[in-house]
Amino acid sequence: MKKNFFIKKKKYILKNIFTVSGCKINRSIFNKKILGINTLKDAASNELTFFNSLRYLQDAKKSKALACVTQEKLKKYLNPKIIPIISENPLIDFYKIVNHFYIDADGDNEEINPINSKKLKVIFDKVFFGRNCLVDKSVKIGKNSKIGNNVIIKKNVSIGRDCLIGSNVIIENAILGDNVIIKSGTLIGQSGFGFKFEKKKRIKFPHIGRVIIESNVQIGSLCTVDRGSLTDTVIGEFTSIDNQVQIAHNVKIGNYCIIAAQSGIAGSTVIGNQSTIGGQSGISGHLRIGNNVKIGGKSGVISDIKDNMVVMGYPAKNIREFVRTR
Amino acid sequence: MKKNFFIKKKKYILKNIFTVSGCKINRSIFNKKILGINTLKDAASNELTFFNSLRYLQDAKKSKALACVTQEKLKKYLNPKIIPIISENPLIDFYKIVNHFYIDADGDNEEINPINSKKLKVIFDKVFFGRNCLVDKSVKIGKNSKIGNNVIIKKNVSIGRDCLIGSNVIIENAILGDNVIIKSGTLIGQSGFGFKFEKKKRIKFPHIGRVIIESNVQIGSLCTVDRGSLTDTVIGEFTSIDNQVQIAHNVKIGNYCIIAAQSGIAGSTVIGNQSTIGGQSGISGHLRIGNNVKIGGKSGVISDIKDNMVVMGYPAKNIREFVRTR
Amino acid sequence: MKKNFFIKKKKYILKNIFTVSGCKINRSIFNKKILGINTLKDAASNELTFFNSLRYLQDAKKSKALACVTQEKLKKYLNPKIIPIISENPLIDFYKIVNHFYIDADGDNEEINPINSKKLKVIFDKVFFGRNCLVDKSVKIGKNSKIGNNVIIKKNVSIGRDCLIGSNVIIENAILGDNVIIKSGTLIGQSGFGFKFEKKKRIKFPHIGRVIIESNVQIGSLCTVDRGSLTDTVIGEFTSIDNQVQIAHNVKIGNYCIIAAQSGIAGSTVIGNQSTIGGQSGISGHLRIGNNVKIGGKSGVISDIKDNMVVMGYPAKNIREFVRTR
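Protein chains in written order, with our numbering: chain A, 1 to 326; chain B, 327 to 652; chain C, 653 to 978.
Careful: at least some of the hints might be erroneous.
[Unchecked claim] Simulated coverage check for chain B against chain A, where a stretch passes if three residues somewhere in it have a Cβ under 8 Å from a Cβ of chain A:
1. 415-421
2. 436-449
3. 508-516
4. 520-530
5. 565-577
Simulated from the structure, these hints should not be mistaken for lab results. Please read all numbers here as calculations on a predicted model, not as lab measurements. Even for Gly, the Cβ is constructed at its ideal location relative to N, Cα and C.
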């Protein structure tokens, strides 16, 4: 994964981890360099990772990371080539390390180096801009795209061609394909919800992932699509989202899905292709929703759903059962 | 219905329909002129209409339209004076025709020809404006109205007198009566949700209707009120809507209704007068909710409700039954 | 309570009450001065108050107010030292009096006297500001706070140090502690929902309360936090609120609470400390939710909840019962 939105500290060594967290690290390896931070699954051999739950046992065994923040009792499950970094509070220590290693990981950077509005039309001569847009100098926008009024597009955002961006939209830490529609008032790419408290101090969840919006996606008005924590939030091709929908961090939605108004999808849930979600539905975090699933309006989904299922209710169940018990 | 927001193509003839859609049309009538597009019920004798479901059988029999896009098997139900235009995919073909006939029908036009802020106070000398407002030169605003900061009011919008418009509001394709309150961050008159896919291409639902907000209506903050597709979205006199409410396309709400926060009303539903809707309620599309109905908070309404009923639950039922079965 | 946001009319005497409302007042006391308006509980001996329900019997007996708008039949319960002001429609009469006594009580004042953007950085040399901020000349902001783009901060608002305010945020009638996070698009301190109709005229609920956001609070994107009516809306220290949440007028939330996305809390409900509210939950108005309560996602809470309870469902019940009956 290419994370081009968050600046890494250069010359980061294991000693830095020792300094900012409660992790135990042997002085003899203080000078080992860390070039990135990633999930167990995706970490390269010069990256730091994190292992805190047997749910990720298989990933732990196969991980290629250089070092891994973990608990004493989980150490034995790690690929033996990985340097274990033992912590009594792995979650909090890991948050601290990531927030230290990546600048702006734990919040939203409101600084922008906007292109002067007169130059905007020169630089992007094939793009329409409304009034009062704040477009950072690093932004890329494809031809024939139209950008509304009062739009804020922050550092390194990339927007494809033939896109329609409404007014009052904010886009940050995001990559948009071609022919994407984002309607007015929608916010894309902010940091997600999540934190731990330590000694009356809020330790925020790091968010170094992006929002990937594939081509031909449509997102309604006043939606929030948070960026990923370590991985990306992804919305697949041709997926269509109505107004006032909340998509939390790390959510991955397949192609040709339809999500009606005021629905919410909690963190890290994965949805297949061609699934339909009725209005005001809620889907809990960390679930797997299959392909071609139909979720009735106002459903509350609290467990995985297999391909082709039709569910409704709270908690959502097979629609025949829902109708029968009402 | 006076549709003054969408520009019709001039000299539109049946041949154009043949060109942009898959409809079969006999060359002998290629030169028949179409002056508008409308519902079966409202179409005038020079307008095109659409018939795709027996639900509208009575309207089809009585329609005064010049021509009607329909299926081969439904043709026989049409008023015999109407020219049937046969399509294998009437919905998609009709969308294509409307989107071709009316410019901007399938999206939101972010172009604005704003009055210079100094002139704003001269032209509307009886109106208060906050800072950074973008008010199109064609807009009408009645005296003693107050407009907040960063407000966008697009082409041909008309606002009555004594209205209060909050900051960050966007109003387009809408007509507001007198003494209307619209609180900050609310979006009025955008295109609604709806589309079909054809050969991996999104064919968007046309939206050539308006939002009609009658006098003395109050709408809260961060609401979305989508404009109608062929007809209008209407909010009746003295109706009061709280924050974060979604009103979809074609919804018609009577007078003196109260809609509490975070509720949503799906497309084409009609609500009578003096009905009350509790917070976080959802009402499915195409329903008829009577007068003086009371819908308890968080209800999910999936069928019509008669006058004076009190309902609650998901699916919503008579409140006595709801209480008994809990 | 120090209400520094609403300007009181000077030299307000009981005669004024007689003039603007339907209250009966004996001419002999027309010249008694009123210096403020407050709840039964908090009113000082020169303030006017209001008594309309036996629910507040104890407060009525002990109130120290100078005078009280009430019904003929409730008069006997009032502390006999208080001047009873009899009304046939106490609620409507009281609204009229408050809206007359306090300027701007019944709406949101969009007027702002903004600091010139160049001066902004001089006056607040330790504060970061994005572009196009409208910050009233009376506003106070502590050092090291960062304010996003297009932010509106209205009259007399006070923001502590080390705060992070996102873009497109509007803050009015509010006092923020230190280290507060408010994410983009959120609206703080607008007037709440509420009104009565009299002779086809909307009499709006007065809102002369504030929003008090204590230190270390985090509020997500596109939330609405309405200010209080007579008392304040309060969010306690370290409480964390996700995106698209609605907090109505007079709500008081304790410390270290967590409120997940798209939840809504209706007016005057009080929530204790360390309580957790799952996504899309709704809590009715005027309830008392205890400390350390856990409310499952999508719950509809319609009655008080004691300390340490775990509830779920609609209506919300003990979680064991919820699971058993599903």
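Tested hints:
no.: 1; hint: 415-421; verdict: violated (count 0)
no.: 2; hint: 436-449; verdict: holds (count 4)
no.: 3; hint: 508-516; verdict: holds (count 3)
no.: 4; hint: 520-530; verdict: holds (count 4)
no.: 5; hint: 565-577; verdict: holds (count 3)
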